[in-house]
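Since chain P is already given, all that's left is putting chain H on it; use the hints.
2 protein chains.
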Amino acid sequence: MKIDVLRNVFEHNDRAAAENRERLDTLGVTCINLLGGAGSGKTSVLEAVLPMLTDSLSVAVLEGDLVTTADAERIAALNVPVVQLLTDGGCHLNATIVQHAFDRIPLADLNLLIVENVGNPICPANFDLGEHLRISILSVAEGHDKPAKYPLLFKEAALVLLTKCDLLPHTDFDVAAAQQELRRINPNADVISTDVKTRSGFDRLAEWIRKGCRKPVAR
Amino acid sequence: MKIDVLRNVFEHNDRAAAENRERLDTLGVTCINLLGGAGSGKTSVLEAVLPMLTDSLSVAVLEGDLVTTADAERIAALNVPVVQLLTDGGCHLNATIVQHAFDRIPLADLNLLIVENVGNPICPANFDLGEHLRISILSVAEGHDKPAKYPLLFKEAALVLLTKCDLLPHTDFDVAAAQQELRRINPNADVISTDVKTRSGFDRLAEWIRKGCRKPVAR
Numbered sequence: 001m002k003i004d005v006l007r008n009v010f011e012h013n014d015r016a017a018a019e020n021r022e023r024l025d026t027l028g029v030t031c032i033n034l035l036g037g038a039g040s041g042k043t044s045v046l047e048a049v050l051p052m053l054t055d056s057l058s059v060a061v062l063e064g065d066l067v068t069t070a071d072a073e074r075i076a077a078l079n080v081p082v083v084q085l086l087t088d089g090g091c092h093l094n095a096t097i098v099q100h101a102f103d104r105i106p107l108a109d110l111n112l113l114i115v116e117n118v119g120n121p122i123c124p125a126n127f128d129l130g131e132h133l134r135i136s137i138l139s140v141a142e143g144h145d146k147p148a149k150y151p152l153l154f155k156e157a158a159l160v161l162l163t164k165c166d167l168l169p170h171t172d173f174d175v176a177a178a179q180q181e182l183r184r185i186n187p188n189a190d191v192i193s194t195d196v197k198t199r200s201g202f203d204r205l206a207e208w209i210r211k212g213c214r215k216p217v218a219r
Numbered sequence: 001m002k003i004d005v006l007r008n009v010f011e012h013n014d015r016a017a018a019e020n021r022e023r024l025d026t027l028g029v030t031c032i033n034l035l036g037g038a039g040s041g042k043t044s045v046l047e048a049v050l051p052m053l054t055d056s057l058s059v060a061v062l063e064g065d066l067v068t069t070a071d072a073e074r075i076a077a078l079n080v081p082v083v084q085l086l087t088d089g090g091c092h093l094n095a096t097i098v099q100h101a102f103d104r105i106p107l108a109d110l111n112l113l114i115v116e117n118v119g120n121p122i123c124p125a126n127f128d129l130g131e132h133l134r135i136s137i138l139s140v141a142e143g144h145d146k147p148a149k150y151p152l153l154f155k156e157a158a159l160v161l162l163t164k165c166d167l168l169p170h171t172d173f174d175v176a177a178a179q180q181e182l183r184r185i186n187p188n189a190d191v192i193s194t195d196v197k198t199r200s201g202f203d204r205l206a207e208w209i210r211k212g213c214r215k216p217v218a219r
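For the protein sequence lines, the chains are P and H, in the order given. For the first sequence, this note's numbering begins at 1 and goes up steadily by one. For the second sequence, this note's numbering begins at 1 and goes up steadily by one.
It is worth saying that the hints were derived from the structure and are not from the lab. Do not rely on the hints blindly, as some may be mistaken.
[To be verified] If the Cβ cut is set under 7 Å, some of the chain P residues that face chain H in the computed set are: (1) A38; (2) G39; (3) T68; (4) C91; (5) N120; (6) P121; (7) E142; (8) G143; (9) A148; (10) K149; (11) L168; (12) H170; (13) V175.
[What the hints assert, rightly or not] According to the in silico footprint, chain P covers these stretches of chain H (three or more CB under 8 Å from chain P): (14) 56-67; (15) 111-125; (16) 164-170.
The beta carbon of each residue, even a glycine, is placed where N, CA and C say it ideally should be.
With the rest of the complex left out, here is chain P:
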């Protein structure tokens, strides 16, 4: 009984995700699903990288959150089109919620759509939103044991971002151990270290995102 219910949920989601991806493909829009735990630094990463993208890419953001519009306000302050997706306590986004948001953004004009998922290292990874690329975030304040403990978060990531690297001298986070475990779980993921305090790593991130975009990029 329980397994049937889960299967239906995922089947329904996978159908909506396939529809989303087809629509995005037709329009040549690349979609990135940004995943990570609460307070791992997802919105701060967007605040740092979006200004480096908007001169060459037409970008919009969908912001997943439980109850507040705080993150969408931070993105709107950058003059980037944004829609807040409130889950009303729900622990992840799904493809249908994203589909509903397509009508609220200038989808046909975009090169890039970034979906910031709900802050949760577990549930969001189970739901395909129709994205082309997943970026998963690991804050060094969380500890280097987290890839082993939350493998699904990292398993399908095209890129793993280490965030808050300015805290490295003040934690016992072992970068080599984290990278080794990440390679075991997902040998193909790129890894970039970032730090919003000194802005280090964001040139590489912006370049990685630009390379991933499919519609010819205006320069």
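Then chain H, alone, in the frame of chain P:
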């Protein structure tokens, strides 16, 4: 349809939770449900406080995790009875999982049972395990906006632990703002600041836990 399924899940859980609480009450065992996001410091808090409790209290721990036994090994190293509860990817513990674990620990001999939930700031808060007290953890590395963004995590906590306070000088975490928001969500919660590096706050935490225990404590 979706609402019915959820209602059934919660009804089933609430029944098992009530059974758990009744059994614990009969035996005079106090049960604490320890909640917090991934990498918020739950296991490190237990490593710091358990040695301060075991001379006067008979304690056991149930360790929730997705796939690894790493946390249970850290607790076993303290010579505290521990059972690893693996959810196999599931995002929270429930009362039935806890019920099954009761037969694996010397329940009648205990003063205190601590259940460390799965690292997730959302789903675990929805599931009563039959505990008497909830302790919710907020790492200062996560940011002071997290109580507003994950209110359910803090709403029913008897105690909120601020962890990793040694990182305060290196973050923009605003303790006053966090406390103000916590008071708005949950005016009755105690708040204790901790830091495993200097061990600060753990005297207060140990005293708080001892006061919460119901069976006469051997001294």
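Against the structure, the hints:
1. A38: P:A38 check passes; min Cβ-Cβ to chain H is 4 Å, inside 7 Å.
2. G39: Result: holds, 3 Å to nearest chain H Cβ.
3. T68: Where the cut-off is 7 Å and the nearest Cβ of chain H is about 5 Å from P:T68, the hint holds.
4. C91: This interface hint holds because 4 Å falls under the 7 Å limit.
5. N120: holds (5 Å)
6. P121: holds (4 Å)
7. E142: holds (3 Å)
8. G143: Nearest chain H Cβ about 5 Å off; hint holds.
9. A148: The hint holds - P:A148 has a Cβ within 7 Å of chain H, the shortest such distance being about 6 Å.
10. K149: Holds: closest Cβ of chain H sits about 5 Å from P:K149, inside 7 Å.
11. L168: violated (10 Å)
12. H170: holds (5 Å)
13. V175: violated (15 Å)
14. 56-67: It holds, with 3 qualifying residues against the three required.
15. 111-125: holds (count 6)
16. 164-170: Coverage by chain P holds for the region 164-170 of chain H (4 residues, Cβ < 8 Å).
Hint check: violations occur at hints 11 and 13; the rest are consistent with the structure.
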